[in-house]
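Taken in order, these protein sequences are the chains called A and B.
Each residue of the first sequence is one higher than the one before, counting from 1 in my numbering.
Each residue of the second sequence is one higher than the one before, counting from 1 in my numbering.
Careful: at least some of the hints might be erroneous.
[Claimed, not checked] Here are the computed lysine-lysine pairs in the DSSO-like style, where the Cα-Cα straight-line distance is at most 27 Å:
| no. | chain 1 | residue 1 | chain 2 | residue 2 |
| --- | --- | --- | --- | --- |
| 1 | B | 701 | A | 105 |
| 2 | A | 92 | B | 701 |
| 3 | A | 92 | A | 25 |
| 4 | B | 458 | B | 533 |
| 5 | B | 701 | A | 25 |
[Unchecked claim] Computed Cβ-Cβ distance ranges for the label pairs, DEER-style:
| no. | chain 1 | residue 1 | chain 2 | residue 2 | range |
| --- | --- | --- | --- | --- | --- |
| 6 | A | 76 | B | 709 | 21 to 27 Å |
| 7 | B | 689 | A | 4 | 51 to 57 Å |
| 8 | A | 76 | B | 712 | 38 to 44 Å |
| 9 | A | 66 | B | 705 | 29 to 35 Å |
| 10 | A | 63 | B | 682 | 28 to 34 Å |
[Said to hold, decoys possible] Simulated coverage check for chain B against chain A, where a stretch passes if three residues somewhere in it have a Cβ under 8 Å from a Cβ of chain A:
| no. | segment |
| --- | --- |
| 11 | 13-26 |
| 12 | 706-714 |
Worth flagging that the hints you see were computed from the coordinates, not collected in a lab.
Backbone N, C-alpha and C define an ideal beta-carbon position, used for all residues, glycine too.
One letter stands for each residue in the lines below.
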Amino acid sequence: MLTLNHFLILGAILFCIGLFGAISKRNAIAVLMGIEIMLNAVNITMVGFSFFNKVKPYSTYLTGQIFAIFIITVAAAEAAVALAMIIAIYRKRNTVDVGEINLMKW
Amino acid sequence: MGLYQYSWLILFSPLFSFVVIIFGTRMWDLATRRQVNATASAGDHAHAHSEGEGDENTHYIETTGPHGEHEVLEDDEDPKVPRLTLGAKMSGYVSILIVALACIYSWIILFNQTGLISIAPRMPTSGIQVLAYDWLSGSQGTPPYTIAYHLDNLGIAMMVVVTTVSLLVQFYSQGYMENSAGYARFFSYLSLFTFSMLDIVFAQNFLVIFIGWELVGLSSYLLIGFWINKTAKPEQDRPAPATAAIQAFIANRVGDVGFIIGIMILFTNTGTFDFATLSSPTDPHGVAHVFAGNTGLLTLAMILVFCGAIGKSAQIPLTIWLPTAMEGPTPVSALIHAATMVAAGVYMVARTFPLFSAADPLALQVVAWVGAITALYAALTALTQTDFKRVLAFSTISQLGYMFVGLGVAYHTDIGVGAGMFHLFTHAFFKALLFLGAGSVIHSLHHATHQEVQDMRKMGGLGPHMPITAITWLIATLAISGFPFFSGFYSKDNIIGLTFEHGDYGLYIITLGTAGLTAFYMLRAFILAFGGKGGRFGGLWGGPYRGEGDPHESPRTITIPLIILAIASIFAGYWTGFFGFVQPGAPSLNIGTVLSDPLTWIGVLVSFIGLGWAFVLYTRFDLATINNVVQNNAVLRFLYYLTLRKFYIDDLYDLLIRYVVFGVCHIAAAFDTYVVDGIVNGVAAAVTDFGRGVRHIETGKVQTYMVGFFGGVAILAILVFALVTFVK
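Isolated chain B, as found in the complex (with noise of 0.2 Å):
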């Protein structure tokens, strides 16, 4: 037991070093930092230019070289140093050391678990609590607000993932964000948000959950805005990434405000926050018990809990912050917004299924129809979109609908949470390995152009120039299109294949037709970047580079973790046992059943029409005759329209925000200015007023206060009088 007894370890190890950064090595970066300005900077980095660093380096520094003499976009960038200092450098150790341990410790439980090494008695399946803390304690028997953390198999698959991507990420982001003057901070936020994530990985009950949600939305907050300085590019329809935190950490408000109603519903009525106690059908706490004969509740409850996950995961209504959440750096976009982060509101709704089940089953057709429209739109709005890394955000968005579509359709069968965390799982490696390639594209065109080239248009042509990047790249796109042996071919189809047998054909024929739409957008992202017309393999290799200079491969660095996730993008797919491991008694999934499933086959076969359509239309033509039928045909055009401005829902918001949000503002103002504000102004004026009037009195004069004075005496002697002659 001792093995999982200590798993609190890994929770805590990233905040061990996000304090150890903030407090010991950031600062020691800061202090050893030599103060250069503008000039001196140039002039340090003509001197680093010619003096080299040994041959495997002469790449690394001619290409970093430049920078300080360009001045286009300078003022404009991320701040950087000619030299990290060894305080900076540190952190990034000290993070990815500690990030490291944590992987392998986590792996070796997960191996222990599924009993493929055998170093210490498995933990039950209900799982153990590693760590708790009375927070306050309870009035009478259990206290209700304790701080607690538990393990079970659910916890570890996440765990795994988390930890393993976070160490891919850091270890990328040594490469990617080289020469950063936010180096030290950079890595500091990156574990804090490790450990945010992990909070909610262990947690035991919705108050952790919700605390480590609220940590993970400042993660993301900081992380999205990491580039300060930056300003925003209205040509490209790109906003500033100051702007894009702001409106990220506000769209998960406005989630998170469903999600805390409904937590606060269900403690009210059941007076505990803990997931067993809740999920017990015996526990006189339990909402089983509850809630018993009067599920309406615990349904409102339970589709008020499902919007802190429509917000975390940017399902419909609230997708609107995720594609502005690619302002932040690559590697933020990979590890936050496509493998983890994302993720946590699939996670939370897999970890509370237990109390969906309970409620009526509106509350997981709720789900499911969310996942399934969210889908559907997201793959659409990824048609048209030029944007590298916007094309992966709204795929994320796609995928997660996906995932709640598994989860969704799961109400009372064996599988229950496998097949959505199934497509969690393989999804995070493969979305991270695709986010993590357009990262290494545009460090790539960066050096070559030295701009930040995001615009699909302005590629073409790189699989040559950068092949472990394009054939990690291609991997995950077979991968994510559900090409058959790739991961995502067993999870994607496994929860198309549960829509038809529960029943639900509308679900069926959205989730199917989403395929093909996924499969297209994501090949025409690949071919627009790295392939082309008159390239080699049909079109697929090369082609006319369209942009400037001359990009080379990137650094080992970058390339490593992109080497080891197209691995796992392959492999994470045969982990047959998965289903059985997160949900006790679930069948496993059979690789024989699934490849003579007809239904399977009929997934493949969208596919591959979405591959081939995209593989003929951007191989065989170039963008400018596309580009040139479209605006030629009206429907095509308003289609075009339609979907390049995500059906117009962030233009909805704008109206919506600026009529009726500030409209409301107005009011309130104009409530606040002339009747609140009038009463206690007019209190005063009148207390002023009538002061103003009667200081008269006050004279100055010795004899008008005489007269008062015995006129008053007169006064109270005929009062006196007359009460004693009067009144007996």
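For reference, chain A alone in the conformation it holds in the complex (with noise of 0.2 Å):
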């Protein structure tokens, strides 16, 4: 029987593992990589909070649901901005490792 706290552990996870991808990660492919499953997560949460709704069902509430539809869109907006970028600074810098990716440095 499937309940709400596996659909949490399940986002939790998730996010854990895309946040430890987005901040070990060397290459800037990967961090991206990292960042979408870090949404993923969020999005899975976000549907398991609206199915388990028990105050109202899901089929009168769909807030949750198309909350995720939204960071999906975004997400393929995000995904193609960074990727442009990175490709702009892989023809500038002739690299895509985020450690030497530091002009903001003091």
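Since each chain sits alone in its own frame, please combine them into the complex, following the hints.
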């Protein structure tokens, strides 16, 4: 029997994996992938909450699901912009290593 | 009353001429002045020389001619113009005309008030207010901050002195300042000074007198430093005029600190500045009422007020500035540093005399003793000075000391301020005459030698060369020495007699001895300049001239004031009603009583001893002989250097300032550098260093920030969890 907790734990695990990837990976593409995982972890949590809402049945109250669709849309746009930036940086500096991209340093 | 009511015109007319000159004729002078460089100036001179200007002025032209061609001292001197422009001359005329009108007006007031003429009803002896303006309104009742001027008998006597001497000095300056590039500026300063001095004379309260007090200090500063291009002459022990001006200003400030503190003590206790209110015995704001039973504070306040007079009148211990102030032009010395400004201290004490009387006797004793010690000190110092003007400077200090003695011993007497003010009155004339005569000699020697000769050792035998100057100078010498029937005889013997009557035998001995010294050094100066061994009348007239060139009598613009002042020096003493005039109820001077009093003849005897000793010493022996004797005798040599170096007071001040004042300054500077700056710089450095350390957090890597961001969120989450779990 699936309960809300399963969804939440899955979301938390996915979020941590994504966070670990975003923080620890040197490759900008991998960082981007980590971010996408985090976003989808949130989506699962949202949908889970929406589905297991006991006060109002989900058929009449779709806020969580609609939020998830918005996040997917924004994530797509974000991925496009981020990839474009990564390509631009690669052309300029010949690397996608985020450790080297530190122009904002003190 | 109209005659008196409009006397504010006298006060403001010099200010008017100052404005006219500064904004009008001086601009005209500068605009029309031809632009000449050094060589063109010399050429111009030659031109003026060859051309001549008629018979009367030939002498004038010839003697001024070589100025431009003479190279020595050229950059050291007052910048000259070959010929004064119309604008410059007009400045002089405006100034002289206006002060002449003021002078005539003040004499009319004097004559009317004494009853000599009668064109208007006399004003009451308490005086009248001639002008008042509420500067700041007071909170309740009478406004304490009032710019108010009033006129009373004391003011009239002083006003006459100021306007008369101003007029004569300005007239004289036409000759003395001939060809000076700063001619217009000079006259504007003189006008400013006359206004400032009259401001003191007319002052109705401490506020106005203090304003005038500072204004005369300013004009004195401007006029002492008039020859801004002159440099110091260390070999003659003469500072640069600019330095002298600063010294005079600062020494006056030292006294003024006491003065203003004294005024503040009086004001905070009584709530008024007004002289009449303060000295009124019945007014609730009067000192008699406010300080009743507690005169200690009043005594302190009056001694502090007297500090202002010490500074302005160059009394001990602030004597130092007056001798160096002699670096200014001689007419300035005559007007400011002999006749009027230095006497402002005496006038101020006379004006506030009721307050001094209301205080403990100590206050006036301080006045008298400071005066007496100063009189003796300055007379001793004057004995060995060789600079013509410095002898006169010390003589002025000494005579001012007499005036303070005259005021100080008048505690609870009928004569009141009469004795001191009478000496001020007569002294103004003969001391102005002495200075103007000295200026005439300097002027003449400047033409003869093309140098500024003030050293009496380079003079001698000038009597036949410049008879008018010599005769008038002799008259002034006799007047100041207390020679019978000259003005100084009446005024000075009066003060000496007063000390005896008052029972202050210490003061009596000092003033009497000083009278002898005065006679000695004045006749010494006269013989050194105008006479000498081998001259006529036993050496008084003529004798060898020790300088260069061929000195001549000065032009008429210079000699006319000398003659007028000589007449005044003789007859000023015969205003027998003076005491009653300035101090209602005082007995008038009875010449018969004076002449029959043995005390008078003791004073005359002492003067004669001084005169005789000087006569014997300086007409029988020449300077080299006297010098040899002094140098070969250890005691005499010691005394000679002691007095020549002014009892080392200047050196004492030098040490005091160099080690004490500058020492404190160094400590203060160190405190500022290490403590104040240390705190400020330390705070700044700490912030900078902290920032330098902390900025390493900014790695520029997005992932670092991400760690911080999520780490922060995690910590917050834990905190919230903890709060929710453990706090209800």
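Hint check:
1. B:701 to A:105: Satisfied, since the Cα-Cα distance of roughly 7 Å is no more than 27 Å.
2. A:92 to B:701: Satisfied, since the Cα-Cα distance of roughly 17 Å is no more than 27 Å.
3. A:92 to A:25: holds (21 Å)
4. B:458 to B:533: OK: residue 458 of chain B and residue 533 of chain B at ~14 Å, within 27 Å.
5. B:701 to A:25: Roughly 12 Å between the alpha carbons, so the hint for residue 701 of chain B and residue 25 of chain A holds.
6. A:76 to B:709: 21 to 27 Å: Taking Cβ atoms as reference, residue 76 of chain A and residue 709 of chain B lie about 23 Å apart, which means the hint holds.
7. B:689 to A:4: 51 to 57 Å: holds (53 Å)
8. A:76 to B:712: 38 to 44 Å: For residue 712 of chain B against residue 76 of chain A, whose Cβ atoms are near 29 Å apart, the range 38 to 44 Å is violated.
9. A:66 to B:705: 29 to 35 Å: holds (31 Å)
10. A:63 to B:682: 28 to 34 Å: violated (58 Å)
11. 13-26: Violated, because only 0 residues of the segment 13-26 of chain B bring their Cβ atoms closer than 8 Å to Cβ atoms of chain A.
12. 706-714: holds (count 3)
Violated hints for the displayed structure, listed by number in ascending order: 8, 10, 11.
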